[in-house]
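Undergrad: Residue numbers (our numbering), protein chains in the order written: chain A, 1 to 343; chain B, 1 to 269.
Quick caveat, the hints were computed from the structure, so don't treat them as lab data.
Remember, it's a predicted structure, so these values are computed and weren't measured experimentally.
Among the clues, some could well be false.
Stated by the list, open to error - Computed cross-link-like contacts, DSS-like style, restricted to lysine-lysine with a CA-CA straight-line distance of at most 30 angstroms:
#	chain 1	residue 1	chain 2	residue 2
1	B	57	A	246
2	B	105	B	72
3	B	72	A	246
4	A	246	B	105
Unchecked claim - The calculated label-pair distances, taken between Cβ atoms and stated as ranges, are:
#	chain 1	residue 1	chain 2	residue 2	range
5	B	66	A	185	53 to 61 angstroms
6	B	109	A	329	32 to 40 angstroms
7	A	8	B	167	39 to 47 angstroms
Cβ coordinates follow ideal geometry from the N, Cα and C atoms, glycine included.
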Amino acid sequence: MALAYPWRRLVVAAVVVLAIGMAAAAVGPVDIPPLTLMRIVADRLPVVNLAPDWPDSWETIVWDLRLPRIVLAGIVGAALALSGSTYQGLFRNPLADPYLIGVASSAGLGAIIVLTTGVPHSSGGVSLLPAAAFVGGLGAVTVAYLIARGSDGVPLTTLILAGVAIAYLTGAVGSLLMIRSESDLRPVVSWLLGGFISAQWKHVVMVLPYMVPSVLIVMTYGRVLNVLQLDEEHSRQLGVNVERTKLLLIGAASLATAAAVAFSGPIGFVGLIAPHAVRLVWGVDYRTLLPMAALVGAGFLILADTVARTLLSPVELPVGIVTAFCGAPFFLYLLRRRRGISM
Amino acid sequence: MLSVENISFSYRDGPVLDGLGLQVRDGERVGIVGPNGAGKTTLIRLVSGVLRPDAGKVLVGGTDLAALSSNKRARLVSVVPQNPQLPLGFSVLDLVLMGRNPHLKLLQWERQTDVDVASHAMDLTDTLHLAGRTLATLSGGERQRAVIAMALAQEAPLLLLDEPTANLDVGHQTSVMDLVREVQGRRGGAVLIAMHDLTLAALYCDRIVMLADGRCHAEGPPARVLTAENIAHVYDSQVHVLTHPQSGTPVVLPAPNGHTRPERNANRI
Chain A
1 MALAYPWRRL VVAAVVVLAI GMAAAAVGPV DIPPLTLMRI VADRLPVVNL APDWPDSWET
61 IVWDLRLPRI VLAGIVGAAL ALSGSTYQGL FRNPLADPYL IGVASSAGLG AIIVLTTGVP
121 HSSGGVSLLP AAAFVGGLGA VTVAYLIARG SDGVPLTTLI LAGVAIAYLT GAVGSLLMIR
181 SESDLRPVVS WLLGGFISAQ WKHVVMVLPY MVPSVLIVMT YGRVLNVLQL DEEHSRQLGV
241 NVERTKLLLI GAASLATAAA VAFSGPIGFV GLIAPHAVRL VWGVDYRTLL PMAALVGAGF
301 LILADTVART LLSPVELPVG IVTAFCGAPF FLYLLRRRRG ISM
Chain B
1 MLSVENISFS YRDGPVLDGL GLQVRDGERV GIVGPNGAGK TTLIRLVSGV LRPDAGKVLV
61 GGTDLAALSS NKRARLVSVV PQNPQLPLGF SVLDLVLMGR NPHLKLLQWE RQTDVDVASH
121 AMDLTDTLHL AGRTLATLSG GERQRAVIAM ALAQEAPLLL LDEPTANLDV GHQTSVMDLV
181 REVQGRRGGA VLIAMHDLTL AALYCDRIVM LADGRCHAEG PPARVLTAEN IAHVYDSQVH
241 VLTHPQSGTP VVLPAPNGHT RPERNANRI
């Protein structure tokens, strides 16, 4: 019996995600031939110097409009799938998703406050909308964690219930603000539906500092997440420092989720189904499940966003509608084929 | 090997253990018996380090458990819990390899030596042929053996078992206890078993510790502890104690209507 890390499967998945990204960059109101697209991208690489034989507008379309959007969708998809896997593993609950303990509705409250109360949307070049959403999302998790914490640790059921209660509360405050608001609510609704319509490279740069440490922490704990599937007491008897693991993983997953929601709004479904799809096809070992789920989430959200912007072009569909429309039937098919879920 | 020194422990709703002391030597197999609520499971949790005593000490191999990190503790004490929650999607090999967790660093993938130790543990528990099967497909007895294999893979000198024969039929009860005895014979170490079944405890343990009200009521070889008098006192129940025809150990037979209080209730009805 030999154990080997399934590198090949991961590399193949990564290549597929890259291919999806390139294909997504090629389609739109202006279709760009794949070869030209690759040359446009290659030309930007430091050592490559090609003679441009394409219109300047193509370069703008690819580089300033489509690619930042694709890259951001990929990062957000990966972050949501990774957080979803982490929550499902930590809470030993197949229904867990990244928004389980209140990140989404509390981030929404932050966004609604900025959009309806006449607070300036940006200050000194810093955009306040994502900042408020980020603070709202992380704040909710922090409050839930502190409420749940007792003398001998943080009972996870209490944490979930506290998170759900906070989600209802912030959701109610958000609704109240919207009803009392005299300003145009369309920006609020569009934010709440989620999407990448205004994605820019600068957003990618702002998201990465939160994603990188979160991803590293979560990936480091893959084997411990396997052990935690037993139960907390049994894991302790196997040498796991359960409370420290909970704090680190909840912190990392919530940080990634809050950063993703801050820039894209609360996009549903990716964080729930990507981990299950991976589990059903490739098994339950978190060491491979986590990176595979991240890649599947990235590829899926890039595809969904591409459908969202091209299907009824020039009208954009909210990406959350697309993720639900494509994801739900596929997920049901997987459930049917494998007859149920085992965690 | 194990030295429990004068420990006391209370849950929120009252004390469970009150100044309990207990020794287990290397190579010894000790059974903990006592009525429901006497503190058997609490004692197992204290000795595995999941709970900390309010007073007193638990020493394993001379080291105070409270001073150890969770990893180091798990290298000294392994536990077969009463009702383990098993992740059914994992294979038997995956499960047994989880027993290697205290020997691995966070990012470390299992090494060949870990796979060897796991294979050996599966060999001892007769689960090697199940290595690739997922836990969902195993019977209750097979799962029990896989969990024992996982505990053995920890390579801890002290093995704790909490009611290992609960929910098993008579054939599986003896085969699990035979297994525990045989494994201990081959790998050494000390074994502490919490048990309900007094006859089985007498058959398989060198020494019995009888708990009552958070203290040790009687302690010693099975024949000296499992007397009708001790059992009547601790369990509030009249029993017959016979001698096992094969091993000579006490056999505890329940006596109908031997319980003092139900008899009164029966009269009332």
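Undergrad: Could you run down the list of hints and mark each one as holding or not?
TA: Here is what the structure says about each hint:
| no. | hint | in the structure |
| --- | --- | --- |
| 1 | B:57 - A:246 | holds (28 angstroms) |
| 2 | B:105 - B:72 | holds (12 angstroms) |
| 3 | B:72 - A:246 | holds (20 angstroms) |
| 4 | A:246 - B:105 | holds (18 angstroms) |
| 5 | B:66 - A:185: 53 to 61 angstroms | holds (58 angstroms) |
| 6 | B:109 - A:329: 32 to 40 angstroms | holds (37 angstroms) |
| 7 | A:8 - B:167: 39 to 47 angstroms | holds (43 angstroms) |
Hint violations for this structure: none, all hints satisfied.
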